[in-house]
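Could you put together the complete structure from these sequences and hints?
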Amino acid sequence: MGTKLKFNNIRKHFFGVTALDGVSFEIEEKHTVGLIGENGAGKSTLMNILGGVLLPDDGDMSLDGEAYLPSNPRDAARMGVAFIHQELNLFTNLSIAENIYINSFPNLNKTPLIDKKKMNDSLKSLLKSLDLNYSPSTTVENLAPGERQLVEIAKALHSDAYLIIFDEPTTSLTARETEKLFTILKQLRSEGRTIIYISHILSEVKHITDNVIVLRDGKVTGSSETGSIEIPEMISRMVGRESDNLFPERSSKPNNSPILEVKGLSQPGIIGEVDFSVHEGEVLGVFGLMGSGRTEMARMLFGVDSYRSGSISIDGNPLPRNSPRSCIERGMAFVTEDRREEGLLMNVAITENIGLVSLPDYCRNLVKWVDAKRMNEEAGIIGDSLKLKASDIRRQPAMSLSGGNQQKVVIGKWLMKKPRLLIMDEPTRGIDVGAKYEVYSIMDRLAAENSGILFISSEIEELIGIADRIVVMSQGELVKVFEKKDFDVTALMAAAFREAVA
Amino acid sequence: MSKVDQLNTGRVGSVKIMGRKILLSEFFVLYLTIFYLLVLFPFIPRVFSPYNIKNVLSNTWPLLVIAIGQTFVLITAGIDLSQTSVMALSSIFGAVIMTSEADPVLLSKSPLWGFMLTENGGLFSGSAAALPVGLLIMAAIGVAIGLINGFSVAKLRMPPFIVTLVTQMFFAAVAIWLSKSENIRHLPESFSRLGRGNIGPIPIALIIAVIIAVSAHLLMSRTLYGRRLYATGINPRAARISGVPTARIIIAAYALSGFCAAVGGILYSARLEQGRPTLGNTLLLDIIGANVIGGISLAGGKGKVLWTVFGVVFFIFLSNTLNLLNLKFFVIDIVKGMVILLAAILDVVRSQLALRYSGGKV
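Protein sequence lines, in the order shown, are assigned to chains A and B. All residue numbers for the first sequence refer to numbering that gives the first Met the number 0, where the first residue is 0 and numbers rise by one. All residue numbers for the second sequence refer to numbering that gives the first Met the number 0, where the first residue is 0 and numbers rise by one.
Note that these hints are calculated values from the structure, not bench results. Misleading hints may appear alongside valid ones.
Claimed, not checked - Now the stretches of chain A that chain B is said to cover, found in silico as 3 or more residues with beta-carbon under 8 Å:
1) 216 to 223
2) 317 to 327
3) 337 to 343
4) 363 to 375
As the list claims (entries may be wrong) - Distance ranges between label pairs, derived from CB positions:
5) B:L324 to A:D74: 47 to 55 Å
6) A:G64 to B:E25: 51 to 59 Å
7) A:D383 to B:A343: 39 to 47 Å
8) B:L352 to A:N102: 30 to 38 Å
9) B:L217 to A:A447: 41 to 49 Å
10) A:S136 to B:P110: 56 to 64 Å
11) B:F328 to A:D74: 50 to 58 Å
12) A:R73 to B:N325: 52 to 60 Å
13) B:V165 to A:D304: 25 to 33 Å
14) A:S222 to B:M17: 41 to 49 Å
Here a beta-carbon is modelled for each residue, glycine too, at the ideal position from N, C-alpha and C.
Spelled out as structure tokens, the structure:
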């Protein structure tokens, strides 16, 4: 087996900031290589150089032993390099076949018309080999996220790519879809393709790869066979410090007075008869697979979506069916799953983002004059307490921050309101290990101040690490409640998959 | 590298930085106006004559008031095409209330004839209350049409373009129907003063426009409403989840737009000393054009009153100089259209530059 790809001393700067500081490593042919590192470590920059999106300032690459320097993505594609992005680049309004042939529609007998039949026929066997049982003429918007990803893979295979980059491929997949993806990755490998697999979920990296490359601050800090590196070591190489503890010690215990009480919450087709409560000082974990109704339930609690029946009360006072605003007035807060679309004003200054919820508290007199000075000061204090990494929080827009710091801004805007009950939906998705630890610490601190936290996640490990109790949801119903002493990965999984197990 | 080369690259570098600074400056459109006038000055020296300046300024005030109203709506990522019909309808209603005599030959076919309008004028003909009631009704019409627009957009979730296009057509037609396409004259002297009079050396229209501009500026930049207006324009979903009553914010923006259009209608009607059913029907390009040139983004969330002021001043000078050059009316519109297009392109360039230098991802 030869060397498929070689990076030699790659450097890249953006406006004086070093993104890549002399990266060199090799990838063996027919291997699956995990590329890991915190956000901002340089993974995306390196892959963008490989994919022809960016040019390196210095250094060179070779592919199959020949010098390789793509000047645009089409160059890279021609050389057999395919890049499957985290946010899939599909045209949801077009069919599977049209997406795959987007750059090279076959002509019908030399006319300008497209030969749809040829297009569809040629893809049937390819789709079948990926276990994607749809006609090539199916519109992509009818496909589930996991199936869309298979379309991307089909596109890569169709262009005969022998080096395929996967960037966080499992973030929007269900457990079943993830399993299927792994099967396909193994199949691709056995066909002799080389794969670069980028992920924050280290157990997946451990499971699926042959080698692991660790990046930190634009440098390679680890390169070894997957079999000889354990997850704690991967983490310490990523963050540059020993971290045997992924989770902070909980500093307090919950008491018995309930904050949130939910009784018989139902919305036909989405959730049915959900009952639970969150107590003072408690972190209640909610585990469920995608589509289990956990996100929908959170949205109903916060007045974003409507529900047909049931009651929700905060500190014994029933919550009128209303809007997020009345929930906020009663002390609720909601960190949504989608921080770009529902959490942040991307091109607005960080302090303005943090202050958005609490604005009415900083207003004087009838015309609601905003005391910007006081608001900015207190937003600054919140930012400091969250260890927000920004150069000028009064000017810098939220979009200039890394994912983890963006999430801290979203959390900060709710902390400023001193919430009684904080609902967090996948708060650690797509953020790095260091930022995750800080998010857990914030939860612990808030619980110690007697607030309640409803922590929704699809990562069992973090729920076990931080929650006081875990409720498991499946198909819109609350199937089981686990006390701390009963926490167990297999049992939780089994509860979430109750149909499959039963 | 020789010394001369270094000097040259140094100079080129600093010119580049200067250029970037000017391009990104808040006062960019003002600089552009000054530059434009200096270039044209040798060809039309009349542009700086006291008479012309006075003429330009008197055109500025009503347009400024209306354009500021539009700015509120643009920031919500909407658009208000109905401002011109607000002007026409409020002009007619104001005149019907205030006029002291009406010509039966012209107006007896009006549906209002006989009960709101007679040979002896309107409802408050000759009364001292004519002016305050007239102004109140005019403003109320603006707010009412604005509320209709706002409700349809925010609560019924209809597209702003369609909603306001319909209200534009509908209320402009109502104004023509009510007046049978005739101007209504004989308005009280106290009303005309608003458009033509001075307090000391200062035109009353200027005072009104400045009061509205300053209030709008403070409302947008310093109050809870202003902050929430921008948040709604930038990301309505995030704003709603953060407790912003987005529907009310949007409805208020359209109401303010209607109000400003009505005030503009008052100033124009007062200057013309008549209620005119076609008032404003050619003004839409100027209103939206001035906003776009000023840098107010049609995508919402971006804009300031100061920018609108600069946009209006530029637009008025543009029209004025094109008139002074004795160009044909179609040439004038061609040039105006091209300038708006250019402004839109510049806006894209500027926001990309700003993004790059604020550390955002490009």
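Among all the numbered hints in the text so far, which are the ones the structure does not match?
-> Of the numbered hints given earlier, the structure breaks just one, which is hint 1.
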